[in-house]
Amino acid sequence: MIANRPIGKSLNKGPWPSPVSITIGGFIRVHYRVAKESFFYVSSHLGTSLLVWLLIGIALGLPAGLYLLERNLGAMSEDWQGKPGISLYFELSASDEAIEAVAQRLRQDVRVRAVSLVSSARALEEFKAYSGLADALAVIEYNPLPNSMRAVLADGLEPLQLELLSVSLTDLPGVQEVVVEKTWLERVTAITELISRLGFMLAVLFGVAAILVTSTSVRLAIESRLDELKVLKLVGATSAYMRRPFLYFGLSYGMGGGVIGAMLVSINISLVEEPLAEFLGSYGGSLNIIGLDYLFVAGMLGIGGFLGIVGALMASRQRLADLQVD
Amino acid sequence: MSEIELRNVTRRFDSGIEALGNVSVSFASGSMTFLTGHSGAGKSTLLKILLRLDVPTRGQVLVGGVDISRLAEKYIPLFRQNIGVVFQDHHLLDGRTVFENVALPLRLVGMSERDIERRVRAALSRVSLLAKERQFPPVLSTGEQQRVGIARAVVNRPKILLADEPTGNLDPELSKDIMDLFEQFKQVGTTVIIASHDRELINTMGIPIVELEQGHLLGAGI
Ligand SMILES: Nc1ncnc2c1ncn2[C@@H]1O[C@H](COP(=O)(O)OP(=O)(O)O)[C@@H](O)[C@H]1O
Ligand SMILES: [Mg+2]
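Heads up: the sequence lines are chains A and B, in that order. So the first sequence is residues 1 to 326, counted in our numbering. So the second sequence is residues 1 to 222, counted in our numbering.
Where hints are given, some of them may not hold.
Unchecked claim - Not the full set, but computed from the structure, chain B residues with beta-carbon under 8 Å of chain A:
| id | residue |
| --- | --- |
| 1 | Leu53 |
| 2 | Leu78 |
| 3 | Arg80 |
| 4 | Gln81 |
| 5 | Val85 |
| 6 | His91 |
| 7 | Leu104 |
| 8 | Ser112 |
Said to hold, decoys possible - Label pairs and their computed distance ranges (CB to CB):
| id | chain 1 | residue 1 | chain 2 | residue 2 | range |
| --- | --- | --- | --- | --- | --- |
| 9 | A | Ser224 | B | Ile17 | 30 to 38 Å |
| 10 | A | Leu220 | B | Glu173 | 30 to 38 Å |
| 11 | B | Pro138 | A | Thr48 | 53 to 61 Å |
| 12 | B | Arg114 | A | Leu198 | 40 to 48 Å |
| 13 | B | Val55 | A | Lys230 | 13 to 21 Å |
| 14 | A | Leu220 | B | Thr57 | 34 to 42 Å |
| 15 | B | Pro138 | A | Val204 | 46 to 54 Å |
As the list claims (entries may be wrong) - Calculated from the model, a selection of chain A residues having no Cβ within reach of chain B, i.e. all distances over 10 Å:
| id | residue |
| --- | --- |
| 16 | Thr48 |
| 17 | Ser87 |
| 18 | Gln108 |
| 19 | Leu212 |
No wet-lab data here; the hints were simulated from the structure. For each residue, glycine too, the CB sits at the ideal point set by N, CA and C.
Okay, chain A solo, but in the shape it has when bound (with noise of 0.2 Å):
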């Protein structure tokens, strides 16, 4: 007969035994079976695993696309610092001795590795070669090109030393004009910094979005199987248990998604490959895409399965708390 003795707290834990000990056997089989499970559910939904990859892709796609515009044009920055120079444009009117000593003068500074002239005679052959204006350039009797010269500065100067140097050489007698060649590093560096920045901003915007779709489509998958749902409380099934399939689809959105955001990415890349190289070209860079790998791959579909697990445990926590059977 029943015990008839208070009941305390300590009692707060049944002593029914699991009706079959729990086993990594067991816990392998359930998990193939509900991984089968899940795979079948979502090819048989193909038209909307197809939707909510696509969604996920285009979430994950954009500011993974973006991610490695910043790490490439990091990258040609960093190379750009190993070299940087400077270009002297001379009066028209400056003396060859004049040129001479500007060149002397730069030689014997240490910030400087070498010194090539350009004559206004060589510059105007080369433009002739280059511009196609060879013709316009016939009616105009004298060389409005001017002497210039290219300084090629040491390694790792720092912008403000650079443009110190820049300074002192503007005074020289006989130089125009100083371009410090770091204009469009600095134009580099501050697109870099705001794609930086873009990228961030999106990638948490559309990580959320990411997370809300699965989320969403989980949502959807409960309640296709709540009679299902139902019964598998009835029978003791555990939370975990019954969240597990929703976990999977989750992942398997996610994943799918990461690949299509990936597929995405290098398809863009190959779109604008050749008007990039040009563009690239036109400023003596070459065009060599970094981070597009296996890793990159690798991540994507981490973090699409990531953000999938996400969604997929916020649409079902909720949902089989308050499940009610009756």
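Assemble the complex: chain A is given as a structure, and chain B with the ligands must be docked to it using the hints.
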């Protein structure tokens, strides 16, 4: 392990309705009992409390000496795995075969496929439905559906079997068959509680009765 005792159990809903009022009753281990009373008397509420789908507003519900109304959330699934439950509308999944429906409680504990087959077939042959294991519930008769529900309830070999109006949709002859099935489970030591308002059926069975009226215990007898 399978004795059940309710001590001063009251269940009052937010609406103010008192479905159970100060009910104290016990069910011995291995006994079979009819829980009877008119519609709305509180039978289903009592069974839900025993299955820990609901908790009493006041009082204790001892199963095997443990107050399940105070059971920690994480032990509830394990508790339910040890209880078989049969409903009037049997709660079968139409999209799964008879076999899969019965296998459900075993799947969730990760039992091996071989053991599942063995147990499911044993349960199905107890309810004489082995031949229909590949069929889907909608093509079965109401009586057969109810028997599938019973097979699922006992496939875990529970020590306690709860049934809420298990014969509600069945004609008297089929009802008697179902009752004989429950009787068999009682024979092997299962504590069986059957909620039913079908007095005619109850009177033919000659088993103990616990009667409720508007949430209060009327009395017990044969
Ligand atoms: N979830 C609920 N909320 C409010 N009232 C309920 C709820 N469930 C049952 N009741 C009420 O409790 C009383 C007992 O119901 P129930 O236990 O289903 O009786 P029985 O199964 O004996 O017909 C009824 O008056 C019913 O309306
Ligand atoms: Mg009822």
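Status of the hints after comparison with the structure:
1. Checking Leu53/B against chain A by beta carbon gives a least distance of about 6 Å; that is within 8 Å, so the hint holds.
2. The beta carbon of Leu78/B comes within 5 Å of a beta carbon in chain A, closer than 8 Å, and the hint placing it at the interface holds.
3. At a threshold of 8 Å, the smallest CB-CB gap from Arg80/B to chain A is about 3 Å, leaving the interface hint in force.
4. Because the closest C-beta pair between Gln81/B and chain A is about 3 Å apart, less than 8 Å, the hint holds.
5. Interface hint at Val85/B: satisfied, since its Cβ lies 6 Å from the closest Cβ of chain A, which is below the 8 Å cut-off.
6. A hinted interface residue such as His91/B counts as satisfied when its beta carbon comes closer than 8 Å to some beta carbon of chain A; here the least separation is about 5 Å, so the hint holds.
7. A least Cβ separation of about 6 Å between Leu104/B and chain A falls short of the 8 Å threshold, and the interface hint therefore holds.
8. The beta carbon of Ser112/B is positioned within 8 Å of a beta carbon in chain A (closest approach about 7 Å), and the interface hint is therefore held.
9. Take Ser224/A and Ile17/B: their Cβ atoms lie about 33 Å apart, and the range 30 to 38 Å holds.
10. Between Leu220/A and Glu173/B the beta carbon distance is about 44 Å. The supplied range of 30 to 38 Å is therefore violated.
11. Remark: the range hint 53 to 61 Å for Pro138/B to Thr48/A is contradicted by a beta-carbon distance near 26 Å.
12. Separated by about 58 Å at the C-beta atoms, Arg114/B and Leu198/A break the suggested range of 40 to 48 Å.
13. In this structure the hint that Val55/B and Lys230/A lie 13 to 21 Å apart at CB holds, the actual value being about 18 Å.
14. At about 36 Å, the CB distance of Leu220/A to Thr57/B agrees with the hint of 34 to 42 Å.
15. As the Cβ distance of Pro138/B to Val204/A is approximately 49 Å, the hint placing it in 46 to 54 Å holds.
16. The Cβ of Thr48/A lies farther than 10 Å from every Cβ of chain B, with a closest approach of about 18 Å, so its non-interface assignment holds.
17. At the 10 Å boundary, the C-beta of Ser87/A stays outside the reach of chain B, the nearest C-beta of that chain being 74 Å off.
18. With a least CB separation of 81 Å from chain B, Gln108/A remains clear of the 10 Å interface cut-off, as annotated.
19. The claim that Leu212/A is not at the interface with chain B holds, since no C-beta of that chain comes within 10 Å of its own (minimum 28 Å).
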